[in-house]
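Below, each chain spelled out in residue letters.
2 protein chains.
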Amino acid sequence: MATGHHVAGWRHPDAHADAGRSLSHYAALARRAEAAGFDALFLADGVAIRGMDDATLPHTARAATFEPLTLLSALAAVTQRIGLVATASTTYNEPYHVARKFASLDHLSGGRAGWNVVTSWSDAEARNFSLDRHPEHADRYARAEEFVDVVTGLWDSWEDDAFLYDKANGVHFDASKLHRLDHHGRHFQVRGPLNIARPPQGHPVIVQAGSSEAGQELAARTAEVIFTAQQSLEGAQAFYRGLKGRLARFGRTPDQLKILPGVFPVVGRSAAEAEEKFEALQDLILPSVGLALLSQHLGGIDLSGYPLDGPLPDNLQEPNGAKSRFQLVTGLAREEGLTIRQLCRRVATARGHWSIHGTPAQIVDQLQAWFEAEAADGFNVMPPWLPGGLDDFIELVLPELRRRGLFREQYTGTTLREHLGLVRPGHLRRERARSA
Amino acid sequence: MATGHHVAGWRHPDAHADAGRSLSHYAALARRAEAAGFDALFLADGVAIRGMDDATLPHTARAATFEPLTLLSALAAVTQRIGLVATASTTYNEPYHVARKFASLDHLSGGRAGWNVVTSWSDAEARNFSLDRHPEHADRYARAEEFVDVVTGLWDSWEDDAFLYDKANGVHFDASKLHRLDHHGRHFQVRGPLNIARPPQGHPVIVQAGSSEAGQELAARTAEVIFTAQQSLEGAQAFYRGLKGRLARFGRTPDQLKILPGVFPVVGRSAAEAEEKFEALQDLILPSVGLALLSQHLGGIDLSGYPLDGPLPDNLQEPNGAKSRFQLVTGLAREEGLTIRQLCRRVATARGHWSIHGTPAQIVDQLQAWFEAEAADGFNVMPPWLPGGLDDFIELVLPELRRRGLFREQYTGTTLREHLGLVRPGHLRRERARSA
Numbered sequence: 001m002a003t004g005h006h007v008a009g010w011r012h013p014d015a016h017a018d019a020g021r022s023l024s025h026y027a028a029l030a031r032r033a034e035a036a037g038f039d040a041l042f043l044a045d046g047v048a049i050r051g052m053d054d055a056t057l058p059h060t061a062r063a064a065t066f067e068p069l070t071l072l073s074a075l076a077a078v079t080q081r082i083g084l085v086a087t088a089s090t091t092y093n094e095p096y097h098v099a100r101k102f103a104s105l106d107h108l109s110g111g112r113a114g115w116n117v118v119t120s121w122s123d124a125e126a127r128n129f130s131l132d133r134h135p136e137h138a139d140r141y142a143r144a145e146e147f148v149d150v151v152t153g154l155w156d157s158w159e160d161d162a163f164l165y166d167k168a169n170g171v172h173f174d175a176s177k178l179h180r181l182d183h184h185g186r187h188f189q190v191r192g193p194l195n196i197a198r199p200p201q202g203h204p205v206i207v208q209a210g211s212s213e214a215g216q217e218l219a220a221r222t223a224e225v226i227f228t229a230q231q232s233l234e235g236a237q238a239f240y241r242g243l244k245g246r247l248a249r250f251g252r253t254p255d256q257l258k259i260l261p262g263v264f265p266v267v268g269r270s271a272a273e274a275e276e277k278f279e280a281l282q283d284l285i286l287p288s289v290g291l292a293l294l295s296q297h298l299g300g301i302d303l304s305g306y307p308l309d310g311p312l313p314d315n316l317q318e319p320n321g322a323k324s325r326f327q328l329v330t331g332l333a334r335e336e337g338l339t340i341r342q343l344c345r346r347v348a349t350a351r352g353h354w355s356i357h358g359t360p361a362q363i364v365d366q367l368q369a370w371f372e373a374e375a376a377d378g379f380n381v382m383p384p385w386l387p388g389g390l391d392d393f394i395e396l397v398l399p400e401l402r403r404r405g406l407f408r409e410q411y412t413g414t415t416l417r418e419h420l421g422l423v424r425p426g427h428l429r430r431e432r433a434r435s436a
Numbered sequence: 001m002a003t004g005h006h007v008a009g010w011r012h013p014d015a016h017a018d019a020g021r022s023l024s025h026y027a028a029l030a031r032r033a034e035a036a037g038f039d040a041l042f043l044a045d046g047v048a049i050r051g052m053d054d055a056t057l058p059h060t061a062r063a064a065t066f067e068p069l070t071l072l073s074a075l076a077a078v079t080q081r082i083g084l085v086a087t088a089s090t091t092y093n094e095p096y097h098v099a100r101k102f103a104s105l106d107h108l109s110g111g112r113a114g115w116n117v118v119t120s121w122s123d124a125e126a127r128n129f130s131l132d133r134h135p136e137h138a139d140r141y142a143r144a145e146e147f148v149d150v151v152t153g154l155w156d157s158w159e160d161d162a163f164l165y166d167k168a169n170g171v172h173f174d175a176s177k178l179h180r181l182d183h184h185g186r187h188f189q190v191r192g193p194l195n196i197a198r199p200p201q202g203h204p205v206i207v208q209a210g211s212s213e214a215g216q217e218l219a220a221r222t223a224e225v226i227f228t229a230q231q232s233l234e235g236a237q238a239f240y241r242g243l244k245g246r247l248a249r250f251g252r253t254p255d256q257l258k259i260l261p262g263v264f265p266v267v268g269r270s271a272a273e274a275e276e277k278f279e280a281l282q283d284l285i286l287p288s289v290g291l292a293l294l295s296q297h298l299g300g301i302d303l304s305g306y307p308l309d310g311p312l313p314d315n316l317q318e319p320n321g322a323k324s325r326f327q328l329v330t331g332l333a334r335e336e337g338l339t340i341r342q343l344c345r346r347v348a349t350a351r352g353h354w355s356i357h358g359t360p361a362q363i364v365d366q367l368q369a370w371f372e373a374e375a376a377d378g379f380n381v382m383p384p385w386l387p388g389g390l391d392d393f394i395e396l397v398l399p400e401l402r403r404r405g406l407f408r409e410q411y412t413g414t415t416l417r418e419h420l421g422l423v424r425p426g427h428l429r430r431e432r433a434r435s436a
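Protein chains in written order, with full-length UniProt numbering: chain A, 1 to 436; chain B, 1 to 436.
Since the hints were made in silico from the structure, they are not lab data.
Here a beta-carbon is modelled for each residue, glycine too, at the ideal position from N, C-alpha and C.
Check each hint, because a few of them may be wrong.
[What the hints assert, rightly or not] DEER-style ranges, computed between Cβ atoms:
(1) B/Arg-31 x A/Gln-410: 48 to 58 Å
(2) B/Lys-167 x A/Asp-255: 36 to 46 Å
(3) A/Val-423 x B/Asp-53: 34 to 44 Å
(4) A/Ala-35 x B/Glu-409: 34 to 44 Å
(5) A/Asp-139 x B/Ala-55: 39 to 49 Å
(6) A/Gln-410 x B/Gly-413: 36 to 46 Å
(7) A/Ala-175 x B/Ser-212: 29 to 39 Å
(8) A/Arg-429 x B/Asp-53: 16 to 26 Å
[Unchecked claim] Listed next, the stretches of chain A that the computed footprint assigns to chain B, with coverage defined by at least 3 CB atoms under 8 Å from CB atoms of chain B:
(9) 15–23
(10) 47–55
(11) 99–105
(12) 167–176
Given the sequences, and given the hints that come with them, work out the whole structure.
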């Protein structure tokens, strides 16, 4: 969210409550994160106002913000190094548009674009696109598999050295280096070629966050970065081991997929200060908002009939979309024995992500433990409110990470792939021709 | 085109042949045009590589360039005043996406966005979107009519003063000022609301360029700016009179629609210098490119069997797309008795637009004549090559226009609507409620 990841973060005294319509807010954030050496700035997205009932929505800052590709393009013009990652849905888009927009962002930014592939999760989205209901999970993932292949195929329409710019002979490009895709699949017929040169990164970095069986299979085959919500070291290790273990089947090595759990950090100069900051944020949650958010995590189930200080009912039905969130929350309820009220406060903080508070050393101890125990290749840092929550992380946590040699002093590359240690993909046809 | 409007403009010694992948090229152009006080920068667009056979395409600079919404968003971040207008097709998009992206660009730019509504014209586009053929003209315009209504309806999802940002009470926005669209039409079912605040301009400026009967009806009902290709003062006057005459039927006044013919200017310090510049450009046209371009203007008709120095065959069949270009070219052939070779050179210069060359005074005489004779409210200036062709216009023509009081000394407003003298639309529901 524009205002930070805590549901009440926009109410923090130093938060920019109007962040969703302020380019200067985002430009300052991006420059700040870039000066600190972050890999990337990531924008989640949906193509509807989602997941809140009409009574609760006005108490949150999540109803309205910039469209992410346009916003990241504007940020590309005012930054030089930081990666720019946006979500785009395979359920409510056409692959030609998605391929083209991310290729364009990659050119505008000199090789800093990333695409977070999602299949979306709400009927609200369906109803903005002439459908009554969100398509079924299996159908969405079948479409997503084909969609990603079409997009990467379109990115290879041009070979890297296709453009000659030969004014004297009037030859703009080498015709032998332009390729039609001629894709004929179950969901899409796409001839191509794409009307933009091959992206500077070859392919913009592909990111995913689905944790279902189908989501993990798609990720193992196509993704280069995974965002995931994990609550415990053991859970994160199991997820990490499981997903990395799937790669060999697709001819890939473990270093080709970076797993980045979300972390929601509240940092203080002392443990007490961190705790105070956290409780101050929690006290800003209106009870109705907490309950609505919990209901959303469970796929829209109405919890108003259950006592707040009692347990979750145990006969809940798994929803059609966002299965992994449902499992995460019901798992939390079961394992930690949390009441509905406690679950409300838990999901309100970080929407199911790992929430840690403490001194810089306490926070870095935990991040380091996850990193060294093969639970994470890095982290998706989710500041509770903005810009102050990011400033805290930069000013307090980064120096401690650097002292331990766990965070770069400065960028050594210029592209998002280089920041992440990901190899630039060769051109598919060129490689096939070479091996033939 | 990124390299200029003359088909061989990219071969000009000072042209940026790599403009289609250079943000710095576009940023410099936009800043230059802004310093000069232009209303807007306009990007035409298609969602395919279109209108050229495989043998001819490599000799042009039109196959690959930025996606326009991402490019204009980047330019929004490095300019302050100039309008930013992009084409988006109603045939190969969904209205929710289009409404959202132009709203986002309008916010990013502080009220400088414009949407050029087109229905597209090529089978090449259809084949990138799982269709075999481009839909029929009447179907495209029926969809376009509904599409524009959905987009403008979505822009009014939020009232202008909906956001309260009341941190103390936890009220982000006033729920009574958020409206669903609940559109149920023949082509689209769109519930809304849009997940971005009402654009700073109320609605981004709506531009159109179709000249067919259906195109003019759509324009008369919904457009605020018209781009048009006109070859003669009389033709331009007839078009101007006809289109302005349609407005009253839709309850609109003539000043609510600005008609801007395209003009392709080649300017010299003397008439001889202008002629030399023009001929030098014409000599850069490869004959095969000229013939392919003429064929494209006629809807893809194969002209290779006809003698170059003979007339156009007179039994040509009007194409499904781009009817107005077909009529323009066949009209030219008939009225001026041009051969195929002459037509090739004519369409190669300005793609059917008005081409004028001469001294600054000669050029301004003609622009002034059109303006004063109600043939134009202004012009869409199409430099032959870039950046030099724009520089020539700014350095040589603008001073003469200003001397005669026909061009602003500096901006007096900050939004594209203000530059164009267009009123900001009120909020539809708010206005209905007021009059009820």
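Outcome of the hint check:
1. As the Cβ distance of B/Arg-31 to A/Gln-410 is approximately 30 Å, the hint placing it in 48 to 58 Å is violated.
2. Range check, B/Lys-167 to A/Asp-255: Cβ separation about 45 Å, and the 36 to 46 Å hint holds.
3. With their beta carbons about 37 Å apart, A/Val-423 and B/Asp-53 fall inside the hinted range of 34 to 44 Å.
4. Range check, A/Ala-35 to B/Glu-409: Cβ separation about 40 Å, and the 34 to 44 Å hint holds.
5. Taking the beta carbon of each, A/Asp-139 and B/Ala-55 are about 42 Å apart, inside 39 to 49 Å as hinted.
6. Distance hint for A/Gln-410 and B/Gly-413: a CB-CB separation of about 43 Å, consistent with the stated range 36 to 46 Å.
7. At about 34 Å, the beta-carbon gap between A/Ala-175 and B/Ser-212 stays in the expected band of 29 to 39 Å.
8. The beta-carbon spacing between A/Arg-429 and B/Asp-53, approximately 22 Å, falls within the hinted interval of 16 to 26 Å.
9. Coverage of the stretch 15–23 of chain A by chain B holds. Counting CB-CB distances below 8 Å, 6 residues qualify, and the rule asks for three or more.
10. Check on the stretch 47–55 of chain A: 5 of its residues sit with their Cβ under 8 Å from a Cβ of chain B, so the three-residue criterion for coverage holds.
11. Counting residues of the stretch 99–105 of chain A whose beta carbon lies closer than 8 Å to any beta carbon of chain B gives 5, which reaches the threshold of three, so the coverage claim holds.
12. A stretch counts as covered by a chain when three or more of its residues have a beta carbon under 8 Å from one of that chain; for the stretch 167–176 of chain A and chain B the count is 7, and the coverage holds.
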